[in-house]
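There are 2 protein chains.
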Amino acid sequence: MNDADDDLLVNTRSEPGEVGLVEARDFVAGTPFTFDNGQTLPGFTLRYETYGRLNAARDNAILICHALSGDHHCAGIHSLNDRKPGWWNNLIGPGKAVDTNTFFVLCANVIGGCQGSTGPSSLDPRTGRPYGITFPAVTIRDMVRTQKLLLDSLGIQSLYAAIGGSMGGMQVLQWGIEYPSFVKRLLAMATTAREGAQAIAFNEVGRQAIIQDPEWNNGYYPKSGGPRVGLAIARMMAHITYLSDASMDRKFGRKAVAAHHKPAPAAAMDVSELSMEGIDPVAPPAAFNVQFEVESYLRYQGQSFINRFDANSYLYITRALDQFDLAAAHGSLENAFAKVEAATLVVGFTSDWLFPPDQNRAIALALLRAGKRVSYAELSTDLGHDSFLLESPQLYDLVRGFLN
Amino acid sequence: MNDADDDLLVNTRSEPGEVGLVEARDFVAGTPFTFDNGQTLPGFTLRYETYGRLNAARDNAILICHALSGDHHCAGIHSLNDRKPGWWNNLIGPGKAVDTNTFFVLCANVIGGCQGSTGPSSLDPRTGRPYGITFPAVTIRDMVRTQKLLLDSLGIQSLYAAIGGSMGGMQVLQWGIEYPSFVKRLLAMATTAREGAQAIAFNEVGRQAIIQDPEWNNGYYPKSGGPRVGLAIARMMAHITYLSDASMDRKFGRKAVAAHHKPAPAAAMDVSELSMEGIDPVAPPAAFNVQFEVESYLRYQGQSFINRFDANSYLYITRALDQFDLAAAHGSLENAFAKVEAATLVVGFTSDWLFPPDQNRAIALALLRAGKRVSYAELSTDLGHDSFLLESPQLYDLVRGFLN
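So the sequences go chain by chain: A and B. Using my numbering, the letters of the first sequence map in sequence onto residues 9 to 412. Using my numbering, the letters of the second sequence map in sequence onto residues 9 to 412.
The shape of chain A in the complex, shown without the other chains:
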């Protein structure tokens, strides 16, 4: 789907083994789409990227499904000055585990998202104003059904594989259920067929932080920056759940920030590190300054998130996560998988306490009981839920082996 000039640019300027320069495209669906909750939009847009080439047989397409805060930009760079490549760049590229010399790789920002696909921050053509919380409730199945329309528009008649971690893994499972003859391989990592109470609870605290922020303003888009404080708080908290106790201790431990950030011993605490970018700074004097590196790191995570993510999308997508429940939707998990035709690989990570190994294993076991081709791998790591995103030769070998 890359045009010739793009390909030339990629080949001449990118490092060996890198996808290199990429650009996003928009799929604009002009026909009405009815969400699982019964509401219909007159049309929608999905922003997506592709890497590699669709072969003549059109059977080498791999769909990458992103997680809560991810987007369509999963590999390559957008400009030569781009210091940060796509979020799964370590996995995807020429010669990498998802080899773009062999496969045509696509990734689309989910419906309900805020990176170019239609979501709460998009303009409602019927009113000329953003949808806000008039946007229909979104489900994992809605994400998958809109992705299917994108693939149809590209003339793709089957998926060699669907791959995703966390919420991406939920979409992968839904793909296997919804379009059993279309998708040949399912690779779901660090995911769950339904969240437990603790995961719902963390999402709910994040939602409340947003909704109770006075700037949320009933979910409509005010002239202010919106519920930036609430969104930052939600992100800071969620970020802890993506790591592990051990990895946080290794990375930060109890390390203090540099001395000039610390309050003088006998003084009331000062406020110099208090404000977040884009939030009105609390006027001096006196408050609870950053003392530990982990605090500084989390504040940075919160701050950078509010500059790239829409608070209403956060509400909608966390709700989609919480409501995803394949067993409830089909009577049992085994029933849910009854029509699956794909071969499946499920990967759990030992230190993932958000979607723990047990929940991943349960998916594989249900597929097995349903008589399907399935493998389960559990990788020993102490990096927590985010393990699926991080450098891991073991994971690369698993993915490569599964795809080849």
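Where hints are given, some of them may not hold.
Which copy is meant is left open, so a pair is good if it fits within one copy or across any two.
Straight-line C-alpha distance at most 20 Å; calculated DMTMM-like pairs for lysine to aspartate or glutamate [to be verified]:
no., residue 1, residue 2
1, Lys259, Asp366
2, Lys259, Asp405
3, Lys156, Asp390
4, Lys156, Glu223
5, Lys259, Asp333
6, Lys92, Glu349
7, Lys263, Asp333
These are calculated hints, taken from the structure and not from any lab test. Here the structure is a predicted model, which means the values were calculated and not measured.
Fit chain B to the known structure of chain A by using the hints.
Frame of chain A; chain B shown alone:
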């Protein structure tokens, strides 16, 4: 310390085995107290309760140390209409593990708290206004040193034992270090000699939720209700860390709230369950309603907390928790315990992921290496950090055995 009338009332009206009616008293220290950070207050008050009688030898006093959100009211009831007894009523009483027929039991609200002891919400006599964040930074050692002044004022010359869980356990350890000949037994549960990065991180998110709430108003006390939203968010999140994945799944799982709370399938989400008591309700229409019981439970936890806790106390006390680091203060944990004379029992709980068993075991091991009398017990439970507060015949037996 109970006067005769009180005792009569207790004996005639209380149930067998219950402490019965109790009332709090105030210890008013009229002499200046200098905090660890060097700031001095002209005086302070500790609110406390006592149960049982100090014997003639004055050697049967047991100090109970409370956790972050606890207070001095750890046993008995305040009126005959009181449906909820003190927070450790299951452990303390006539014939219970901490037997008030034998022991004189005391518990004081910590300095920096908000249940009657001097803290940020108290009036500064020098200004006639609440201290707010001009209140000195508080440490675990400050808590212990003010408790010692209370005991001195009561003519108590030694402690039979100091007992506490979580932050209470930190105070217990500090007692053994600070007043080695004064305290004979240390019983620390579900605690740590220093928090790891994850625990600091959760506290920091809670503090940011408060500080970034526009109603926090630089920590001073406005005419509004203060940062009730931020405090509720902090509490909701912290509450998750006091439980366990397993206990939340058993208690709530994915149970939905009653149907009338749920939005109609095709409608935009409604807002009826959105507001928290004391927070201006978000005007209808449309938002993210309660769907799961765990959400409803957490909202209730947040709501009830803002009616009983001061946001600035929350900031100060979580800071005290984060800064507690016996190894750093003394070169090593073994050095920290060098002067301890008390016999110590440390109890960890297998499902406690806030202050995990390893951190409790490390305390016992350091005491052992320092040549002290110490036992360590690890109780199998799936109730998380709050296990130390809950019904547990195993724990009662341990406590009883250690005290007798």
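Ascending list of hint numbers which this structure does not respect: Those not satisfied are hints 2, 3, 4 and 6.
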